[in-house]
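*Asks:* Residue numbers (the numbering used here), protein chains in the order written: chain A, 1 to 338; chain B, 1 to 338; chain C, 1 to 338; chain D, 1 to 338.
Read the hints as simulated data drawn from the structure, not as lab findings.
Where hints are given, some of them may not hold.
Interface residues of chain C toward chain D, partial, derived using beta-carbon atoms under 7 Å [claimed, not checked]:
| no. | residue |
| --- | --- |
| 1 | N81 |
| 2 | T84 |
| 3 | N139 |
| 4 | R140 |
| 5 | L218 |
| 6 | Y227 |
| 7 | K230 |
| 8 | I238 |
| 9 | V245 |
| 10 | V266 |
| 11 | H269 |
| 12 | E294 |
| 13 | I306 |
| 14 | S307 |
Glycine included, every Cβ here is placed at the ideal spot set by N, Cα and C.
Number of protein chains: 4
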Amino acid sequence: MTADKTTNKAKKTVFKEVRAPPLEGWPQIKGYSFEEEFSFDKFLKSYLTTGFQATQLGIAIEIAKEMQKEQAKIFLAFTSNMGTSGVREQISYLTKHKKVHTMVTSVGAIEEDIIKCLKPFVLGDFRASGKMLREQGINRTGNIFIPNDRYAFFEHFMNSFLQRLYELQKQTKQIIGIKEFVYELGHEMELQKLEKKEESFTYWAYKNKLPFFCPALLDGSVGDMIYFFKKNNPSFKIDTSDYIVQLTDLALDSEKMAILALGGSVPKHAVANAALFRDGADYAIYINTGLEMEGSNAGAPIDEAISWGKIKAEAKSVKVEAEATLVFALFVAGAFRK
Amino acid sequence: MTADKTTNKAKKTVFKEVRAPPLEGWPQIKGYSFEEEFSFDKFLKSYLTTGFQATQLGIAIEIAKEMQKEQAKIFLAFTSNMGTSGVREQISYLTKHKKVHTMVTSVGAIEEDIIKCLKPFVLGDFRASGKMLREQGINRTGNIFIPNDRYAFFEHFMNSFLQRLYELQKQTKQIIGIKEFVYELGHEMELQKLEKKEESFTYWAYKNKLPFFCPALLDGSVGDMIYFFKKNNPSFKIDTSDYIVQLTDLALDSEKMAILALGGSVPKHAVANAALFRDGADYAIYINTGLEMEGSNAGAPIDEAISWGKIKAEAKSVKVEAEATLVFALFVAGAFRK
Amino acid sequence: MTADKTTNKAKKTVFKEVRAPPLEGWPQIKGYSFEEEFSFDKFLKSYLTTGFQATQLGIAIEIAKEMQKEQAKIFLAFTSNMGTSGVREQISYLTKHKKVHTMVTSVGAIEEDIIKCLKPFVLGDFRASGKMLREQGINRTGNIFIPNDRYAFFEHFMNSFLQRLYELQKQTKQIIGIKEFVYELGHEMELQKLEKKEESFTYWAYKNKLPFFCPALLDGSVGDMIYFFKKNNPSFKIDTSDYIVQLTDLALDSEKMAILALGGSVPKHAVANAALFRDGADYAIYINTGLEMEGSNAGAPIDEAISWGKIKAEAKSVKVEAEATLVFALFVAGAFRK
Amino acid sequence: MTADKTTNKAKKTVFKEVRAPPLEGWPQIKGYSFEEEFSFDKFLKSYLTTGFQATQLGIAIEIAKEMQKEQAKIFLAFTSNMGTSGVREQISYLTKHKKVHTMVTSVGAIEEDIIKCLKPFVLGDFRASGKMLREQGINRTGNIFIPNDRYAFFEHFMNSFLQRLYELQKQTKQIIGIKEFVYELGHEMELQKLEKKEESFTYWAYKNKLPFFCPALLDGSVGDMIYFFKKNNPSFKIDTSDYIVQLTDLALDSEKMAILALGGSVPKHAVANAALFRDGADYAIYINTGLEMEGSNAGAPIDEAISWGKIKAEAKSVKVEAEATLVFALFVAGAFRK
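Can you make the complete structure from the sequences, with help from the hints?
*Replies:* In structure tokens, the structure reads:
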């Protein structure tokens, strides 16, 4: 080819013509402009047209509004670190005002939610030396410090609790299930008159009788306490089979079902699995940092869940790829604020 | 400052002198060179001096060799996707030859390990449409396709199994625990004479009497089967409290304890939590893609676990930040090959 | 050891005593509570005590306020996708109001900033088929669609521009440098009377005479245009050596220097490298998703830059691990709003 | 609905029938089994059927074999950290044996490649304190330490070099371009008789006359040296406009074009952009950790490049989501070993 011909051919591909319908009506990319007087509502709306994950968050807010309007039952799944961080306050808000209907979590979230009613967690540093912290009795979760005396307080709380449950078992000859165990934890907060109990989502789930599940109930400090308790009381038992029936039936009985999943792990999986029985959820919002490329449940995107029948192909759904502390308060502000 | 002075000052900082001890004896960065005749052993060794995650993998291999030499008890934790992928074959190898001593996993790994003895999983595509796949009855996990008939085979397997367990419960008046449930699954593979059972780590754990735990036992297809089973047999129960005693005691009874954790989620946490009771593991290898920045258990690095007393400050430990299918076969080749 | 002794020992480690100073005065972890009437200022402040990346963002806002109070020269580095997305509007705001002082970017950001003055970008979808889009002449960047006719408009803009520069080269016998090239792009927007030019940061950098660098000036559509232009005018040249002197001298001449880097790539590196000559920046804020584990410039954390002398050890600094569209508007709202 | 009806409906969705064609011939998921005698070739082949990223790597090897068989021109793009790490040795191998045909990189890779011929880099630690390292004059890149005296050696090398180039400029009145600059660096290694020059890809690119580009040539220590040099010799210039013509014409002149991109940043973009002029590359292999979700060039997947016309829709292509040190040696072993 001559040089000119090559150049002309190259121009054709570089300046390839648009054959698409004109896209005139499509939303334009435009971020929030600080030129005008600040308006939080406009600020929030601007996420939708900012592109990338801001748009995903904007879509999540729209979907969450629709979920509520359509009176879908919202199944909130969240991992332990949500309880560790200040996302806890937003979950408590949603629980107190019954803005979510069923909850599934990791036990770390529950125990930390209760501990915070006894003693606070404090701001630390990602780069603090593990060795030095251990010597001082300070546990680190990311940049959050949890002095270890919190667990002595928690042991005290749990010992009365487990004693009460064990008496109940002996009386009724019934083995307690997971949902009932979590419910009784909320009840115990009332019995022990924890002063700050109204900051707790475990308490509000109990108070509002929201079904609250924790499939891996012993995988945390709760398990540690039960370890010590069972050393003296080996016949104390906890049934893990009833919850699957209860959780699944809640999904089956929801006219419309919505998934709101913060983080991955068991909570995200448990809620999606329950949705399978009803041929998929009608709405789904994922907020996590999991990667699809590794084939993990944590990183599995919406479209993968559709292949399994866990989310309907026609569901309104979105994944926000974000660390939840950065976006969950914004999300609640946009979708659930009074 | 004059221009010259500025330049001189700049030179001082740009060419800042080295005050460190000469570093002469330190290992030099050098990747594998393909100039010489290929040697797999040299190839593997070269990882140690390649830098970045290759070095982390090289260190992991060294640590794993030492674990074995020191006869540490190896606690292998792995998530469900390890069973989905070909990492399963390496786990089966380690289990068959008793190269690991205690295992903790997500139930997805166990059920997929069993299903693969009935029917294979096949190579698919990350980008396949979820909607289309659902219509065809094909489930997608990453780029792996699992036609849904696999679950009908699995239901058949599980129904006999659950019937047998239920009879046992009625006879003995004992409620089965999680470790025993998993053990009986291996036993069932023998009873049902699954032809390919020797490819399965669930089978070898049973055969070799390796304690094998699954804290969230019902969070998967096993749970689905139990849902249907319990609809007709509501009094069938599974205890989740004994495993925490068994797992913790195994950690306490190990003279030296080593953690080998693939992926995050409950398995990684359960093993590290057990190690807390003995004031930390002596060795720890993490292979996962979790991010420290989000404060999740999945992303928690070694140093965070040290602050909790789950890994000893002086432990030999390393985190390989990698998707496991890329590195686990190399790791086994380097550390566990005959 | 007897069982009792073992249990006691285990209790000691599980309930390890706190030897740390009481931490009483430390900030407590507390997320925003929606119970009270909504206040955006309290909402923003709550980030600091929410933990994980929310805290990092809160710290970034505090540092950015201090930068300004201390009249540090702010070097803003940003990658191409910031121009693609609505982050552009915030950069324009900062540039228009001279809230940043020197800018470094990838050429994609500049060309897209100009193109948006001609024709908008629109909201698309991450999962749209590349093949189908190509057939229709629509380019995709994440979930943003850029119909290809935008590049025909841009070619028109650039042709007059390059012709003008070339005349200048012939007249003055001077080869234009990178900073001057970018400056003249802003000038050209004025000459061609682009109606929406006041939305553009390239225009405001020109108007406000803010030094604006683009080390890889030809790595984008600008390069494509120059390719075609040089086919007819091979003697047209652009010097890439002067910018390094100008950028470095700006760092050397700043009494206090602050780095504000969005994304990784050349812009982040160029600004940090300039800071090396003055023995490090006094303030540094990184907002990106880069991973330290791979040894890349993109993922290099603050502490790595300290080892190189690019950031002072005592600098106020933070890395927010986040996709910028999620947090940059919040950051500007907190630190730079009128 | 009655309970029975609900259960039946649930069974239908849980055990949804497979309507897909039987998939009998599809490759089965199977990882490497260590039962048999070890064979490296079988080991490598097993990646293809292991799933997740192992499969992606297996596909990459297959594509790279076909590229060579079809005599495609291979454009190798790689970021600076590839030179820092032991990936350098593999790039040198590919360059020495002309297994790649055009190279594009960040300047850090070139300068570190040259420095390593003078003095080695050593293994360090990700967690070393930046402050302490700076005090000792040790630079850290991930877990690789680069004592700062390496830059004094490099300054010495560069000073003669720049002096030579400047004389050339004065003699010929020609301003050197980027490709020629990199070529002359290789030449300089010969002139200065660097003993270990044969370990260097910069040297082999020169020796084998492989076009080698570095669009952001001054964004690194090379720029630092030129900063000091220009303080005394301000009329020394480097043209950045010719390379775009050269690189683009190489793409246009390739009968078949293959992209092999390690990492993101300018190198990946530059090569893909050149491919646009020929309506897309015929083969493409990406190896990086970039995330699609942020709309960055670094994370842009193959399918996004297809929308831009940079990779043909029908190209054989794959993205391996991996840190390159973990996989590149395996990739070379599989695709380029003698």
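*Asks:* Next, verify each hint and record whether it holds.
*Replies:* Each hint, compared with the structure:
no., hint, in the structure
1, N81, "holds (4 Å)"
2, T84, "holds (6 Å)"
3, N139, "holds (5 Å)"
4, R140, "holds (4 Å)"
5, L218, "holds (5 Å)"
6, Y227, "holds (5 Å)"
7, K230, "holds (5 Å)"
8, I238, "holds (5 Å)"
9, V245, "holds (5 Å)"
10, V266, "holds (5 Å)"
11, H269, "holds (6 Å)"
12, E294, "holds (5 Å)"
13, I306, "holds (3 Å)"
14, S307, "holds (4 Å)"
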